[in-house]
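Residue numbers (our numbering), protein chains in the order written: chain A, 5 to 221; chain B, 5 to 221; chain C, 5 to 221; chain D, 5 to 221.
Worth flagging that the hints you see were computed from the coordinates, not collected in a lab. Treat the hints with care, as some may be off.
Note that identical chains are pooled: a pair holds if it fits in a single copy or bridges any two copies.
[As the list claims (entries may be wrong)] Simulated crosslink set (SDA-like; lysine to any residue; CA at most 20 Å straight-line): (1) 141 x 16; (2) 103 x 216; (3) 103 x 85; (4) 219 x 24; (5) 12 x 52; (6) 103 x 218; (7) 219 x 27; (8) 12 x 55.
Model, not experiment: these values are computed from the prediction.
These are the residues of each chain, in order.
4 protein chains.
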Amino acid sequence: MNEASDQKYRGQGFGALGIGFGVRPAVIVVDFQRGFTSAEFELGGSPLVNAAVERTAELLAVARRAGAPVIQALVGSHGGDDALNWKIPSVRTEFHYDKPACELDPRIFDPAHDVVIRKIGPSVFFQTHAIAYLVKKRIDTLVITGCNTSGCVRATIVDGFSYGFRVIVPEQCCGDVDTGPHSDNLRDVGRRYADVMSASDVIRHLASISPQTFKET
Amino acid sequence: MNEASDQKYRGQGFGALGIGFGVRPAVIVVDFQRGFTSAEFELGGSPLVNAAVERTAELLAVARRAGAPVIQALVGSHGGDDALNWKIPSVRTEFHYDKPACELDPRIFDPAHDVVIRKIGPSVFFQTHAIAYLVKKRIDTLVITGCNTSGCVRATIVDGFSYGFRVIVPEQCCGDVDTGPHSDNLRDVGRRYADVMSASDVIRHLASISPQTFKET
Amino acid sequence: MNEASDQKYRGQGFGALGIGFGVRPAVIVVDFQRGFTSAEFELGGSPLVNAAVERTAELLAVARRAGAPVIQALVGSHGGDDALNWKIPSVRTEFHYDKPACELDPRIFDPAHDVVIRKIGPSVFFQTHAIAYLVKKRIDTLVITGCNTSGCVRATIVDGFSYGFRVIVPEQCCGDVDTGPHSDNLRDVGRRYADVMSASDVIRHLASISPQTFKET
Amino acid sequence: MNEASDQKYRGQGFGALGIGFGVRPAVIVVDFQRGFTSAEFELGGSPLVNAAVERTAELLAVARRAGAPVIQALVGSHGGDDALNWKIPSVRTEFHYDKPACELDPRIFDPAHDVVIRKIGPSVFFQTHAIAYLVKKRIDTLVITGCNTSGCVRATIVDGFSYGFRVIVPEQCCGDVDTGPHSDNLRDVGRRYADVMSASDVIRHLASISPQTFKET
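Same shape as in the complex, but just chain A (with noise of 0.2 Å):
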C-alpha cells in the first residue's frame, strides 16, 4: 500500500471505527467452483486461489463443528439469454449450471451441511436467498472467504455491510488472479465496511463459539 495515499484517507477517518464479531456468525464462502480452482479452466489455477482454498478448508472445519451455517456460492448461468453482460467470455460460455466450471471444489464443500446458492451476478446477495436464510438463522456476522477477491468477494462484501451484518474477511482465505487487485480491494473495504484479519485470528475466534450458540432457536 502506498504510505502517502493512505495517509489521505486515513486523515479523514477512513477505517477509524472497528466492527468486530458479533453473537452467531455464518461462514460464506464465494466461488470456490472448478472453474476458479482447477487449472483445467481458462479463469482456473490461480496459485492464490489454490491457497485460499487450503486455508478456508481449515477455517470452514472449525465452523462447522461451531454450528456455524456455512453458505456456498457459485456463478453462472443457464447458458441462455439470462447471462449478464460479463465482459469475461468463457463466464458466458462455460459458467453454466450444469456444466463441470459451476460444479463446487470437493475440498470446501459439505453437502450435509452446506446451503448452495447459484447467483448470476457477483454478489452472493444480488437477487438470491442468501438473505432469507441468514435471517431464519438470526446472523449478525458474515466471514467471507472465497474467489476473486477483486470481483465477486468484493461485491459481496459490499451487500453483506449494506444489509447490516458484520462483516469479517480473513484475508489468507481469499484469492484472486494476481495479488495486486487482491490487496487493493482489501484496502478499500477495510476503509469502509468490514474488518481484514488473519485467517488464524479468524479461525481462533470461530473455535472459541460455545457449542450453544447455535443450538437455540
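Fit chains B, C and D to the supplied structure of chain A, relying on the hints for placement.
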C-alpha cells in the same frame, strides 16, 4: 496499471468483450453532496472530486437536453439507529439527511429535471427505488459518475451491471480522495462489468441522441 | 363482489385510473408445476387451475409468435434448512427442486423459448433474477398468469407493480383451489395495481404486436 | 368465511402448520399516516382504521416498554415522475412526502423510539432499508399492524415471510375501508404465511418479554 499483472488478467479473457450503448440511457450521479464536494467537511475538498463535479456538470447539460433521466443520489441516515456499520466516523455523525453534508452540490443538481434518491449504503440501487424509476422509463444503459470511485461509485456500477443494464463509466466524471484507488477500481470494473470511456466520448454520444428518443412513452 | 362494499372503495377513488399496455410486454407464468397442476399431488387437481393452464397455453402460443419473452416460475426449496416457514406441509416436504412436484407442466413450457426462474417464496421477483432478465429485454409491461391467484400470483402482481411495470392480468389464465379467493384477489389488485382483463382481450392485443417489436435490440 | 370453501383449502393442508413467536420481535406499523387515518382526506376516516390505530397504540406502548424496535412506514412519492402506476388518484396527487397526507398519526408515532421508513410501493420491504435495520437488531419475529389490510399490510406480510421472519398479525390492529377485504386477506395469509392472532394475545406475549432481551447486543 502494472503491465505484467494486467497481462495475466487479459490472458484469461478479462475485458475481452465490450458492452456499448443501448438506445435509452440514464445518468446516475453518485454522492455529489456537500459532505464530499465542499472543503468545509472532513471528507470533502479533494481536487479530483472537484474536477469530476465540473466535468459531470457539462455531461449533465447535454444529457438533460437529450431528455435523458438523471438520478441524483446521496448517502446518509436518519441519524440514529438506522446507520450502517461504517468505519468512517463522519459518515455516521455528519451524513444525516437533514444536515448540510447531505445537500446536493448546486453545480450538478437541477430539481426541475432530476430525481433524488437517498440511500444508506454504498450502492444507489441497494434498497432504494432507483430500479423502479429506471424500469418505468425503459432505460437500458446507465452512465455512472460521482464519488468516490473506490466506494459508492464502484458499488453502483456492480449493481447496475447485476440488474442487466449496460454500464458506461466516463472516467473524468468520477473522483476520489486519491488517484491510486480511483484507477484501481476503474481497472477492476473495466475488466468485468462496464465500459470505461473518456468523458468526451460519452458526451459526444449523448449529444447525438435524437430528441424523439425520450418522447415516445 | 359485494356491491355496497365496492361502492365504498370506488367512492374513495380505488380503481379510478387505468393502466394499459406499453410497447414491450413479457409473460410471467406463476407455478404451473406438476405439484399444482396434476391431481397426483395433494395441492394439485383443481378444475380452475386446469382451465387456467389450458387458456394460458393458448395465450403463450400467441406471445411466442410475437417474440415476447416468457418466464416460467416454480416454487420450492433445496429440501433442507432453506425452506421458508410455509404453513402448508407439502410445500415443505414435496416441493423440492429435484422432485416431481417441481416439474413444469408440459402444456405450458417451451424450453426453446422460455426462461425458468426457481423461487423459494410467493413472488417471482423475490430474490430471483427475473428483474435482470426483464431489464435486459427492455420490458415495460407484464402479463401475469398462473396459480394460485390468492397466493403466488397476487404476490407477483404486487412486485411487478412495485418495480414500475404496467401489469395486466388475464382473468381466465389464473387459477386457484376455489373461486372465492380467486375473485377476492383480482378485486383487490384491480383496485390498485393492475388491469384485470379477459384472456381474449389480452390474446387479441398480443396478436396485434408487430413482428419487428422484439427484433430491435 | 365460506365454510365449504375453507374446507377445500384445509383438505389440502393450508394452514396446517403454525409459526409462533421467536425470541426477538419487532413491530412494523404500516401506513398509519394522516392520509389514511384522518377524515379530512379522501382515503381517510374509516372507522375500522380508527379502531386499529387505537389498538395499535396500546400494543406499541407495551412493545416499547420491552425495548422492541418499532418501524413506522408511510407510503408516498416525491410528487413527480417517481410515483408508481397507482390506480387511485389521490395516492398520486396527495401522498407526497412533504404534504400532510404523509404525516404519521401522532397517536402511534414516538420519534424518540421509532424508525421511519418511507416507501413508494405497498410493501414496507420493497426497496427500503427496513431489512438492514432488522438484521442489525437481530430480529426474528415481526408483528405487523396498519392499513389497509387488503393492500400495504398484505404486501408487507408476504415480504416479511419471504425474508425468513416469523410473522404474527394481531387482527384488531389492522384496518381497511371495509370488513370484507380485511377478512379475506387475513384468511389468505393465515393459510400460508403468518399466524393471525387476537391483539390481546399478542400484547400479552410482548408484555412477557424479559427486559434483558434487547439489552444484549
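Against the structure, the hints:
1. Taking CA atoms no more than 20 Å apart as the test, residue 141 paired with residue 16 passes in neither setting, with 37 Å inside one copy and 29 Å between copies.
2. For the homomeric pair residue 103 and residue 216, neither the shortest alpha-carbon distance inside one copy (40 Å) nor that between copies (34 Å) is at most 20 Å.
3. For a Cα distance limit of 20 Å, the shortest separation of residue 103 from residue 85 inside one copy, 16 Å, qualifies, whereas the shortest one across copies, 26 Å, does not.
4. Proximity of residue 219 to residue 24 under the C-alpha cut-off of 20 Å is restricted to the inter-copy arrangement: shortest distance 18 Å between copies versus 22 Å within a copy.
5. Taking the shortest Cα distances, residue 12 and residue 52 sit within 20 Å of each other only across copies (13 Å), while inside one copy they are farther apart (30 Å).
6. Proximity of residue 103 to residue 218 under the C-alpha cut-off of 20 Å is found in neither arrangement, the shortest distances being 35 Å within a copy and 30 Å between copies.
7. In this assembly of identical chains, residue 219 and residue 27 lie within 20 Å of each other by CA distance both inside one copy and across copies; the values are 13 Å within and 13 Å between.
8. Within a single copy, residue 12 and residue 55 get their C-alpha atoms only as close as 33 Å, which misses the 20 Å cut-off; across copies the closest is 18 Å, which meets it.
Going down the numbered hints, you'll see the structure goes against 1, 2 and 6, while the others check out.
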